[in-house]
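Listed below, chain by chain, are the residues.
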Amino acid sequence: KAGVTQTPRYLIKTRGQQVTLSCSPISGHRSVSWYQQTPGQGLQFLFEYFSETQRNKGNFPGRFSGRQFSNSRSEMNVSTLELGDSALYLCASSLVAGARNEQFFGPGTRLTVL
Amino acid sequence: AQSVTQLGSHVSVSEGALVLLRCNYSSSVPPYLFWYVQYPNQGLQLLLKYTTGATLVKGINGFEAEFKKSETSFHLTKPSAHMSDAAEYFCAALNSGYSTLTFGKGTMLLVSP
Numbered sequence: 001k002a003g004v005t006q007t008p009r010y011l012i013k014t015r016g017q018q019v020t021l022s023c024s025p026i027s028g029h030r031s032v033s034w035y036q037q038t039p040g041q042g043l044q045f046l047f048e049y050f051s052e053t054q055r056n057k058g059n060f061p062g063r064f065s066g067r068q069f070s071n072s073r074s075e076m077n078v079s080t081l082e083l084g085d086s087a088l089y090l091c092a093s094s095l096v097a098g099a100r101n102e103q104f105f106g107p108g109t110r111l112t113v114l
Numbered sequence: 001a002q003s004v005t006q007l008g009s010h011v012s013v014s015e016g017a018l019v020l021l022r023c024n025y026s027s028s029v030p031p032y033l034f035w036y037v038q039y040p041n042q043g044l045q046l047l048l049k050y051t052t053g054a055t056l057v058k059g060i061n062g063f064e065a066e067f068k069k070s071e072t073s074f075h076l077t078k079p080s081a082h083m084s085d086a087a088e089y090f091c092a093a094l095n096s097g098y099s100t101l102t103f104g105k106g107t108m109l110l111v112s113p
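As given, the protein sequences belong to chains A and B, one line each in that order.
Sequential numbering of the first sequence, starting at 1, is according to my numbering.
Sequential numbering of the second sequence, starting at 1, is according to my numbering.
There may be inaccurate statements among the hints.
What the hints assert, rightly or not - Straight-line Cα separation of at most 20 Å, SDA-like style, residue types lysine to any residue; simulated pairs:
1. B:K49 x A:F104
2. B:K105 x A:A97
3. B:K49 x A:R100
4. B:K58 x A:R100
5. B:K49 x A:G98
6. B:K49 x A:A97
7. A:K57 x B:N95
8. A:K57 x B:K58
9. A:K57 x B:Q2
Claimed, not checked - Listed next, the stretches of chain A that the computed footprint assigns to chain B, with coverage defined by at least 3 CB atoms under 8 Å from CB atoms of chain B:
10. 40–46
11. 50–64
12. 92–102
13. 105–114
Rather than coming from a laboratory, the hints here were simulated on the basis of the structure.
All C-beta atoms, glycine included, are put in the ideal place defined by N, C-alpha and C.
Could you put the whole structure together from the sequences, leaning on the hints where they help?
In structure tokens:
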């Protein structure tokens, strides 16, 4: 069974631009969570989607948004990029919603904002 | 809100030595606790988790962790380090709503020959 895939793996953008990251969960998994990883703040929860509905949202500004499609694939969007948005963005999938269920992580998308 | 503290951003051991990575969580009833490992340029992989029951939890790659409620700790150990264990390790806990994970800052394990 294929693991969680994230595209693209690396991305370079400039301040003020917007970016869309994609995550394909493991087949059969219906929940997708997104995390931001930075050296200073560590791993921080962004949001969780289950059955195309956002179930939880972390403490991030409205510039960060996401969605989930009927095939469980998910995208996250960051508008008006800031230098501080440079990070590794990790996607994790699980069979059902809720962090008690084992989450399988993708390799991440490394976003650099110049 | 749940918080997780990992003592030591870097831990260095020699190959064959005991590995001990420390994790303390803020009191929460009941806690669900996890250890993840992250190799360079990869995502996180679950090593082990504690939910209920036995306080000594065995995971993959020879790692284990012991839940100690009185000390609010969940330290990760491995009797004998291997070069392939060099990676970053994260301790995590469920928040009180059981919906999201709170991660520690991570501990980089360095293994020397």
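Hint check:
Between K49 of chain B and F104 of chain A the alpha-carbon distance is near 13 Å, which keeps this suggested pair within the 20 Å criterion. Between K105 of chain B and A97 of chain A the CA atoms are separated by roughly 24 Å; this puts the pair beyond 20 Å, and the hint is violated. This hinted pair checks out: K49 of chain B and R100 of chain A have alpha carbons roughly 10 Å apart, not beyond 20 Å. Of the supplied pair hints, the one linking K58 of chain B and R100 of chain A holds, its CA atoms being roughly 18 Å apart against a limit of 20 Å.
Restraint check for K49 of chain B and G98 of chain A: satisfied, since their Cα atoms lie roughly 15 Å apart, inside the 20 Å limit. The straight-line distance between the Cα atoms of K49 of chain B and A97 of chain A is roughly 17 Å, inside the 20 Å bound, and the hint therefore holds. Simply put, K57 of chain A and N95 of chain B have alpha-carbon atoms about 13 Å apart, close enough for the 20 Å limit, and the pair holds. Taking the CA atoms of K57 of chain A and K58 of chain B, the gap is about 32 Å. The hint is violated against a cut of 20 Å.
Distance check on the hinted pair: K57 of chain A and Q2 of chain B sit about 16 Å apart at the alpha-carbon level, within 20 Å; holds. Counting residues of the region 40–46 of chain A whose C-beta sits closer than 8 Å to any C-beta of chain B gives 4, which meets the bar of three, so the coverage hint holds. Proximity of the region 50–64 of chain A to chain B, defined as three or more residues with a beta carbon under 8 Å from a beta carbon of that chain, is established by the 3 residues found. Under a criterion of three residues with beta carbons nearer than 8 Å to beta carbons of chain B, the stated coverage of the region 92–102 of chain A is upheld, 6 such residues being counted.
Counting residues of the region 105–114 of chain A whose beta carbon lies closer than 8 Å to any beta carbon of chain B gives 4, which reaches the threshold of three, so the coverage claim holds.
The structure fails to meet hints 2, 8 from the earlier list, while all remaining hints are met.
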